[in-house]
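These two chains come separately, so use the hints to put the complex back together.
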Amino acid sequence: MDLLLYRYRHLTVLLVAIVAQLGLLAYQVRNNQDVRLIRVWSVSAVTPLARVLEAGRSGSSNFIDDYFLLLTVRDENKRLQASLATAQLENQRMRAELGTAQRAEALAMFQKQSPMKFVAARIFMNSTAMSSTGSSANVYVDVGASQGIRKGMAVITPSGIVGKITAVYPTASMVLLINDPLFAAGVISQKNRVQGTLRGQGSTAIVDFVQNEQTVDKGEWFYTSGSDFIFPRGLRVGPTTEVKPGPRRKDIQLRPSGLDGGIEEVLVVVEGVHAPIPEAPVAAEPISLQPPPAPDPGADASARAAQTGPVSTDADRVVDRYRSTVKSAVPPAAPPKP
Amino acid sequence: MSDFSTSYTDSPRKKNHIARYKWAVIAGITLTAILFQVYVPRFISYLSYLEMPLLVTVYFSLMRRSPTLGLLLGAAIGLAQDSLSSNPLGMFGIVKTLVGYFAATASQRFDVETAGSRLVLSFFFFVFHQFFYWVLGRALLGQPIGLELPQTLVMAVLNALVAVPLFHILDKLKVSE
Chain Y
1 MDLLLYRYRH
11 LTVLLVAIVA
21 QLGLLAYQVR
31 NNQDVRLIRV
41 WSVSAVTPLA
51 RVLEAGRSGS
61 SNFIDDYFLL
71 LTVRDENKRL
81 QASLATAQLE
91 NQRMRAELGT
101 AQRAEALAMF
111 QKQSPMKFVA
121 ARIFMNSTAM
131 SSTGSSANVY
141 VDVGASQGIR
151 KGMAVITPSG
161 IVGKITAVYP
171 TASMVLLIND
181 PLFAAGVISQ
191 KNRVQGTLRG
201 QGSTAIVDFV
211 QNEQTVDKGE
221 WFYTSGSDFI
231 FPRGLRVGPT
241 TEVKPGPRRK
251 DIQLRPSGLD
261 GGIEEVLVVV
271 EGVHAPIPEA
281 PVAAEPISLQ
291 PPPAPDPGAD
301 ASARAAQTGP
311 VSTDADRVVD
321 RYRSTVKSAV
331 PPAAPPKP
Chain E
339 MSDFSTSYTD
349 SPRKKNHIAR
359 YKWAVIAGIT
369 LTAILFQVYV
379 PRFISYLSYL
389 EMPLLVTVYF
399 SLMRRSPTLG
409 LLLGAAIGLA
419 QDSLSSNPLG
429 MFGIVKTLVG
439 YFAATASQRF
449 DVETAGSRLV
459 LSFFFFVFHQ
469 FFYWVLGRAL
479 LGQPIGLELP
489 QTLVMAVLNA
499 LVAVPLFHIL
509 DKLKVSE
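Quick mapping for you: the protein sequence lines, in order, are chains Y and E.
Residues 1 to 338 (my numbering) are what the first sequence spells out, left to right.
Residues 339 to 515 (my numbering) are what the second sequence spells out, left to right.
FYI, nobody ran anything at the bench for these hints, they're computed from the structure.
Negatives, chain Y to chain E, calculated, CB over 12 Å:
id, residue
1, R74
2, T86
3, G186
4, K191
5, Q214
6, G219
7, P239
8, K244
9, R249
10, D251
11, G261
Here chain Y is said to cover these stretches of chain E; the calculated rule only asks that three of the stretch's residues, wherever they fall, bring their Cβ under 8 Å from a Cβ of chain Y:
id, region
12, 377-391
13, 408-418
14, 431-440
15, 474-484
If you're wondering where the values come from, they're calculated on a predicted model, not measured in any experiment.
We treat Cβ as the ideally placed atom computed from N, Cα and C, and that holds for glycine.
The following block holds chain E by itself, in its conformation from the complex (with noise of 0.2 Å):
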């Protein structure tokens, strides 16, 4: 117990600092990352690429620094998904549960305040997610999804360097202390 307190307490106070929102941001943006998921691209089809429930994933589970939450979090988003796929529900679940857990832990041995960790950090977990994802539907389902890395990697740039704007952007609706 006394351990677990100290690493936080003795942490720089960047490091530890907390962000606090409301619920009901949460909720709310996390359904406009989906509906623009599901809408934006039938309009503009190169936007299909960005994936916005995964950015938000990454976002409240660096930002609320709790590895419990972040992978409720990520689950929820997850299942949501799944829900308004076509594939058997857990299977972006799983992906971004893992997301979420990673992430806030990542946030507790990192500064998740600068735009260059958010960038490597976002292009990461993008990496991880789509990489996990591949496993899971060829292991699991058995179903034929291709992994071709250097489209991969190039649309992960794409999502972190989507990702450092959209952060600070999610940072103005922090609740002030």
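Chain Y on its own, in the form it takes in the complex (with noise of 0.2 Å):
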């Protein structure tokens, strides 16, 4: 017997390891819970590493550049971006509301409701999931559950959704990207409201269960609907690259926004606003706007004044539109009793 386990004891480490990891493989499939020790393990070995390669690729990017290119206009530039960003969600959602809702009761809505809270990420490396493509449609961030993410928070950039957050470790979280074919998200069209699926596809991504009698465009957008209490509804997704009619539901591809350009810093939704889908087009395409009308003679000074002011930008205009609805909605107030 001795004899026979040592003839052929290499094949009998290979059952044992083979079988172990079958039963390991089963016990996840079956209990759908995770061995989550080992992968804590495994990423915490890692993204240390990680982290100090990209540290030290950043740096010596960054030294380069500020030292010897650009002096000072990189941290303005980080700054402006990241100003740009937060103005760019603020003017959307702003645009969004007073779009759909003009009277007073959906100010009153509008000022109850506290804007989303975010936790800015970097993407640092991705994971070594093998799709069908070959690439990763998963990637790691970081920040994990010391800075308060938890599983199934929303990604996103001021362009659109990113994906999800599947695992949270320490330091680290795991994002499902919107292009991966496990991807699942409710989306909602801007212009005739058709409710979909949204499922990754690779580079690019489809809108399922969406019947062939509903009408969407080619180019129209989709927003979250907030169906899938991930995403808070609102937020754009993408705008549709082919419509056609399929055999069974319509066949609609899109084209993620928030992957444009591909993507180095998102922000984590931590406290998310459903925000209502705009009756706008979203303004994508550059458009042409006529220059301020000439002073009339015949107006007071404040108006002049007011006329012959800086150029106002869009968010400006929305500005000025939400400060005379308040002052003509929202009664003075009562003089302070003594």
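The following block contains the structure:
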């Protein structure tokens, strides 16, 4: 017996190793539970090294840029980019509110809503998952449980949704990108209000479960519907690139706007706020604006001063309309009692 | 016992030569291979087709010539890869266990010091790896994983071409006798 075991010891170890891993696999599939300890060990072993590599790479790159090429512009650019991203999101939310609710009740609702809270994160490595295209549609971001991240949180950029958190570790989290075949989210079209399910397809995405009888235009934008309890309603998803009837359901291809131009910095939605779907088309393309009219000679001085002020942006105009709505809707405050 | 020993001692010297490495070197190279796979393709997306953990598994299994060591190393590397993916633990683990075992077994029959044999074995084990991963994914998990044969063969050739100089570099890390 001993001789037999010795003779086939390699084969015995192989069988033990295979059976043990099959058991591990069966346990996870059957109970739908993860063996978290092993993952934590691996992630804890690899992520610090990846962070060091990333820090070294970005540090050396920044050093060259900062001290040899652009001494101060880089910091300024970063600050402006962050500011622009926040302004874009705020602008989008305000435009959506304004487009769908002109009444005072809507304004009151808007005032009660608190803006979304985010945690800024940076993608620093891919996962090892193998997809049919050979590339991974899972990435790691450099924020984890210690920053308040929880499984299921939405990950977005100002351009659109990016993915959702699928695993959280102490200092890192895994994000399932929206182009992964396993990704799904509830979406709704902007113009025709057609609901569907967004699913990844490698480099692009599709909107599934839309009946052939329903109307979706090519180029029509889709937004999150909020029905998946992950993404707040009203976030951009992307425009359709191809719409045609299929054998059973409509075949709708969509270009995820959140993945345009690659992703590096993202926002994890810690506290989401639902917003209405905007009525107006997304201002993605440049539009021609006429110059402001000449001041009326008969107008008073204050109106002239307002018209001759600096050229305002869309956001400024939206804010002005809000202010005028507030003035007309909110009654004047009662004088304080003595 | 005697048969097993004889099969080794009667072989030509080059065939039964067992390369030795420090454990720190094996661990370091393994970790580097996994880091390469998760970090480098972020900047050079074409390199995502390189299966560095697989090449490292094949190399150490071939050079150590011990099926037990090969399968254990393959299992460890595979489980580490599984841990960093969204898959259940065991998918890469089982496949790389088999790769480690069969690579070490093959090393007892072939001269694995030549570039030609390394090229062929790397090509073969890449296809083997992809095929078994596809089988396991579909059979055990029911995942809709596709296996595109032409693409797999091209990737196998690329990996084999990288394996030859990589193995040559790793040869420098052997412990001198």
